[in-house]
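Listed in order, the protein sequences are those of chains A and B. Under the numbering used here, the first residue of the first sequence carries the number 9, and numbering increases by one thereafter. Under the numbering used here, the first residue of the second sequence carries the number 9, and numbering increases by one thereafter.
FYI, nobody ran anything at the bench for these hints, they're computed from the structure. A couple of the hints might just be wrong.
No copy labels: a pair is met if it fits in one copy or bridges any two.
[To be verified] Straight-line Cα separation of at most 30 Å, DSS-like style, residue types lysine-lysine; simulated pairs: (1) K162 - K76; (2) K54 - K33; (3) K54 - K76; (4) K107 - K33; (5) K162 - K200; (6) K33 - K76; (7) K200 - K123; (8) K123 - K33; (9) K107 - K200; (10) K33 - K200; (11) K162 - K123.
Number of protein chains: 2
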Amino acid sequence: MSAAIDFYFDFSSPYSYLAAQEIDKLASAHGRSVEWRPMLLGALFKTTGGVPLVDVPLKGAYAIHDFKRSARYSGVPFRMPSAFPISTVNSARATLWVKAQTPARTADFVRAVFKAYFVDDRNINDVDQLAAIASEIGLDAEALRAAVADPAIKDALRVANEDAVAHGVCGAPFILVDNEPFWGNDRLPQLKRWLTEGGF
Amino acid sequence: MSAAIDFYFDFSSPYSYLAAQEIDKLASAHGRSVEWRPMLLGALFKTTGGVPLVDVPLKGAYAIHDFKRSARYSGVPFRMPSAFPISTVNSARATLWVKAQTPARTADFVRAVFKAYFVDDRNINDVDQLAAIASEIGLDAEALRAAVADPAIKDALRVANEDAVAHGVCGAPFILVDNEPFWGNDRLPQLKRWLTEGGF
């Protein structure tokens, strides 16, 4: 089996949500696994000087329109959350805990959290909600509560953010295939061709 | 024939160059013409607070890589210009003059200027170069020289920039189909489906 595909994402990124619905099917069709890499866009923005897209004049209004249309284009359910964007520090920490404890459940947890936010409008930074989501998919809710407050997990997220910057991650989703970078859900067609042809 | 497709672009935008290779084939396949709308990204940036992509930490390095790969993906020749980005005020003015004088030649002129910049590395803000490009495709070089200094053409470009902001144009290329906005060369697949299905 070839090296894993690195999938860098932020739970508050609609384009990450859309790409997360397809990335492991795409990977496994080419004999790859997915390394889910939660991180915080806010940490990147300290390097890039970026601000949330929806806060930019002109781009903000377009972006919300495009989130919804891109979801329809991909056939993925989507509802604009009532609070957007939000801090995703707890959902990112919780994901690192799932990866460490039950790695085979990581994709299930990631998609459950994305769905909670972008379909069911739940507050995915709230620890009660995260514990409930864990419980709904058969993970240990009490252990999750402990994990998001665990200094080792907090450290792991700091390291994950630094790792993202070190790898040139400049937005989300950001996908690395054998060091080849693809930024954005709209680069999945190029990624697919890259995997099929071994580059182009 | 249905309403024209509005194609807003800046000659210094590689993604505009790529989209310009496809937009009129796509339009005519759906009984549409293309309204070529040159404008200056710098004028938009006053509203959006934007800066050229290549000047943004992390994003800059990725962007140059992505320009080249996106060109290969589309099968379009591309060479990163030695000076980038540059002012495109004269090439935009020259285009407005072509549109006014010989509208049927607008697409030819636009593609000749894009090729001069993104394939042949010519300085497309230089009036001598623009006059030469006009001459190469059978347009009146001396009339072009006069046009780029004509106060009426200068005014027309100011109005074009204001029109872009008024229509919510937040980057380039930016395409309007019956008021439905598509930003970016990577939205051509959605645009194609929109034209085919009359929306989705």
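Worksheet item: Of the hints stated earlier, which fail here?
Response: 1, 2 and 5
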